[in-house]
Each structure stands twice: as C-alpha cells, then as structure tokens.
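Chemist: With chain A fixed as given, assemble chain B onto it according to the hints.
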Amino acid sequence: MLKMTKVSKTYRTDTVETHALREFSLTVDEGDFVSVTGPSGSGKTTFLNIAGMLEELTSGSYELDGRDISKLNDKERSKVRNEKIGFIFQSFNLIPELDIFDNVDVPLRYRGFDASERRCRIEKSLEMVGLASRMKHHPAQLSGGQQQRVAIARALAGEPRFLLADEPTGNLDTNMADSVLDLLNEINAAGTTIIMVTHELTLADRAKRNIFVRDGQVSDGPPEMHFAAAANA
Amino acid sequence: MFRYYLKLGVLSIRANPALSALMAAAIAIGIGACMSIVTVRHVMTDNPIAHKNDVLLHVQLDNWNPDDPYDEPNEPPEQVTYIDATALHQAGRAFRQTISFKSDRVVQPDGDDAKPFQEVVRATTADFFAMFDVPFEYGGGWDSAADQTEERVVVISAAMNQRLFGGEDSVGRMMTMNNDPYRVAGVLAEWMPLPKFYDLNNNPYEGAEDIFLPFSLAVTGEWGSSGNNSCWKPIDGGSYADYLASECIWIQMWVELKSASDRGTYLQFLDDYVEQQKQLGRFPRDLNNRLSTPAEWLLNREVVDETIDVLLSLAALFLLVCLLNTIGLLLAKVMRRTNDISLRRALGASKSALFSQYIIEAGMIGIAGGIAGIGMTWLGLQGLENVFSDYDFIAYLIKMDWSMVMLAVLLAIVSALGAALYPTWRACSVSPATALRIQ
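Order-wise, the sequence lines are chains A and B.
Position 137, counted from 1, in the first sequence is what my numbering calls 136; the numbers after and before it change by one each time, with no gaps.
Position 390, counted from 1, in the second sequence is what my numbering calls 914; the numbers after and before it change by one each time, with no gaps.
With the rest of the complex left out, here is chain A:
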C-alpha cells in the first residue's frame, strides 16, 4: 500500500519559491490502477517522482508498504526502489549502447540475481511484451511502441509491486498507445499496482480509479468532471 499524508514539495531558488505539492494526501491500495490527470504544472510528475523516491518531500509523510520512506538512507531507498517499484517513462529511457537483453538486465543487476535467474526473468518479461525475438537488437532498431514495450519489460522483470508510468503513451501513435494500455491492463490484472500520469482522458478512463491534481492538491473523481470544472472556473 502507498500512503502519502499531507505531503508538500517546495522548490526554492534565490528569488522564487514554487509549491509543487501542497498537503497532498493519497492512499493507493494493493492492485489498484490509478490514473493521475491534471493541467501542466499541476504537480503530477512531482507526485510521481516522490512516489518513486526520485525526489525528497519537503514535509508530510510517505509510507510504502508500511515503511516510512523519509527515514531510509540512499542505499535503503535504492533497494526499495529496485525491489518494489518499476518505472515507465514517456521517452522510454532505454540505454542506446545496450541491446534489449542488457537494457532489461539493468535493474536485475542491482538486485544481485545470479546470471541464470536474470536470464530467466529477462526472457519471461520480453516474452510477455512480445519482444522475445528481439533480444539482441538495439533500441534504435525498434519502433517507438516496441521501445516502450521494452521499457515495460524492464520495469516488470524485477516483479515490482508498483508500476509508476509517466505519460507512457505520450510519444506513441493511437494504435501503439492502445496496445501499451492493453498491456498495462493485463499487468494490473495480474496483481501489479499501477499509477499512471497522463494528459489523455481516454486513457485515464481505462484506469480503475482517477485522481485529479491541481495546484499541487489532489481530488478523486472522473477526470472529465474536473477538466470541465476547471474550464468553467
């Protein structure tokens, strides 16, 4: 379970103070599929980064599976991130010098699995995304949709409890986006909790639960309702 209570995140420069999140509270249950929508600059990505422990929160508390994340040191955070969280990014973030097999291998290396265990997991996750035959290809040899599938395979190889997706279909055409969403639905059906930031309401509708972020604060409900309210305001 992921639980944020009154989380605030403030970015400070010499002259400017920006409140990205204000007393942001959210609980995500095991097996949930949560879409996060909101206008640009509303704090969606900041929320996702804090959820993924890529950023420190300024105040409030964040518990992941009952552990207070703020009390962990860098090594412990890295371990939690590696074991419990998978990331999917808008721009795929594959490492161009590595082939597909080695890209999926990255989080498993830091997990400390032996070679046979890693091979088994890599083959299984690439099979799941339909790219088992492309293991020795490099990212540049794949289409955008295929690259995102590789990124999903990489996120899944460690069998994380949470999958954090930041605009996972943002760089894909409609057909590819649909197929990626189908895949995410399958993954969620298999038990993985997914939190997906998206601009696209049609994609957000395919999640089990929708939350809307505006001015660094969260509210539940269908995104259309919030966008309509925002438009009328």
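Read the hints as simulated data drawn from the structure, not as lab findings.
No experiment lies behind these values; they were computed from the predicted model shown.
Among chain B residues calculated to face chain A with C-beta under 8 Å, some are:
no.: 1; residue: MET525
no.: 2; residue: LEU535
no.: 3; residue: ALA539
no.: 4; residue: ASP864
no.: 5; residue: ARG868
no.: 6; residue: ALA870
no.: 7; residue: LEU871
no.: 8; residue: GLY872
no.: 9; residue: LYS875
no.: 10; residue: SER876
no.: 11; residue: ALA877
no.: 12; residue: SER955
no.: 13; residue: PRO956
no.: 14; residue: ALA957
Each residue gets a CB set at the ideal place from its N, CA and C atoms; glycine is no exception.
Modeler: Frame of chain A; chain B shown alone:
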C-alpha cells in the same frame, strides 16, 4: 558487479572513442613527462650495492683542523689519510677491507699505428672486487700477496679489453702503461655502478674506471691522485714521502663486516685507533669517527643534483595540468551522461554503485593512459639521451626497469582515479528526477 562495470566501461569508451582517447592521451603525456624525470632520478638515487648494504661500510675519521670542522656542522672528512688508510687496512679487523684512489696513466697499445691514450685508473687492494661483487668475464682480481709484492697486474673493463685485445680472453696477456708492462689478471663483465658509490667525489655518474691495479704499486710508483685531495695544514717537505706522511685526505676506505651487528665493534676499533693516534699528537678534534652504509653514504653526499629535483617538480606540475584537463574532459563526459545516471538511479542503483561504475571506467582510462604513458616515457628518455649524448654514462641513466614501468601504470591509474573523483561525485549528485524530466 565488477565484471559488469568493466563491460559498461568498455561500452562507454567505445561510445565516446575520441573523448576517451583525449583523456588517455592527456594522462599519457603527463605521465610520460613525469616518469622520464622520475626514471632518471630513480637511477641517480639507486643503491647499486643494495644487496650488501648492511655489511658494507664507508669509513670516515675526523683528523681535521681543531678550530674548523671539515664541513658544517661537524662533518668529518669523506676521505682518509695515507697513514690511516694503510694502518687500518693492515690491521685487517674487518671481514674485508679496501682502500683506493683514482689516478691516471698513459696506455700504450701494441701495434705501430696505435696511439697512446690517457686513462683514469683505480689503485686499490685485492678485496675491492669481492667486496663490491664486481663481475668478471675472464680471470679474476689479484690476491693480497700481489698487494704486498707490488705485482704488476691489472684488471681491465670489458670496454678496455675490447679496445686493447679485441674482446678476446686476454688473461695473462701484457699491456703497457707509462712504459711499464702489466699482466692482465682479469677482465670485467659489464659493470656500471651508478652512482659510483665507492667514490662519490667529482662526478658520481662517470661510471667505474676501466683499469684497476694494486694500491701498493701506485704508491711505490709515487702516482698522484687525480681525485679530490684536501689538506688542513701545510705538508712538511715537498717529497712524495712527505705527502704520504701528511694529514691530507685523498683515499677512500670501505670495510665489509661479516654481519651488520659487528658495526659497533668496528666503530669501537676505529675509536681506539684514533685514541692511540691522539697520544702521538694527531687527531686534535674530539672523537668523530663515522661508518656509513652505501645507502647512508649516498644520502649523506646528496648525490642527486638539485636540478633534477627542480625538473621533477616541473614535471609534476605538468602532470597536474594534464590531470586538470582530464578532469575537465571527464566532467564533460559524465555530465553528458546524467540521463544514464538518473535512469540507473531510478532502476535501483545506489550512489555508491554508480560511483563504483564510473571510478572503474576512469581506472580503465587510467590503465590505457599508463600504457601509453610508458611509451611517452620511453620517448622522453630517448630525447634525454639525444640531448646528453656527449656523456658516456647517459645510456645507463635512462633505463626503465620493471619497477618504473609498474610505477608509470600505477601513477596513471591513481591520477585517473584522482581526476575522476570530482566529476563522478558531481554526476552522482545529480537529481535523477530533474535529469529524467528535462530530456
């Protein structure tokens, strides 16, 4: 993970071959400049008789002016008088002992067309060769009987043997110096003790003499010393015998003990000897006798010219400049890879894991720089040899031994790791969220 980091290092170097080559080249040039000087200094400060360092001792007796030390603050003379040299040698209280001085002779080769030439010779005693492990190609040294009977024997170097006898086994053959015939007792194998520890006066890097002959023969022949000669009071009379009886110092004396633990006993013997001499009106200064191992003696005489230390400092500064360039290049390379670093952080790499990865990559560049640096060092040494080609000994100063090769690689790796610390720390400090967001 080490193998994984090595693999990532290779991939990274292959992905940025020009930048990686530039870094390795910067390190190599710095290492080359630094190691060229370090190598020369290494040879200059080498102890050529290190394997016998504990049992070989240089002898100093303070027979100097009661009102003025030989050297400040209270250093005894570095050589001894004829009276003391012969007395201590004849006493034979050490396992081996040798006294010697440098002189010169005119060598007259056989053959009508051969021109005579002047040559520096060393007049010494029989133990010289055994004490200093002098290697022989043919024959050997003379025995102590030859010292006493003033036998006309010589030991010549391989180069002199080549010059006079075409390099063949010349033991038993005769050679002529100043119209006197000498029988060749032995021919040395290649022997170039640098510094010339047994006589550091004048030039410690001139190498060993090419001709050695009995000390007693030289004295009977009234040969002068062509090395250092110092006197603190006038000689009574003008004859050679008066010179031998004077307080002038011009003879180098070394002893070999059976064990290093005998040093105290021998020093006590020297003190007792000087006390006896004091009763005869000599040695007006307080007891100040010294025994020095070759290492101590080399240190005492400061055989390395200050110039080489200045050059070494300049070379170290040059290496530092090269490393600053390397830091800049590494910084540029690493900061270009913040996306990779952030991604790995997101996928579970700790800061320490990333630090290890980048340090290993820097170490690989350091090894490449070190290997190239060995080549640069060799080039630097060739340059030095060409510049100083007029000096016979220069070829011996520019030899790179394995310890220098290993030091070059080690210095390159340490330099690369040192240069990588700051860029790697900067890279690991990048906020992963920021880097992943901005791409």
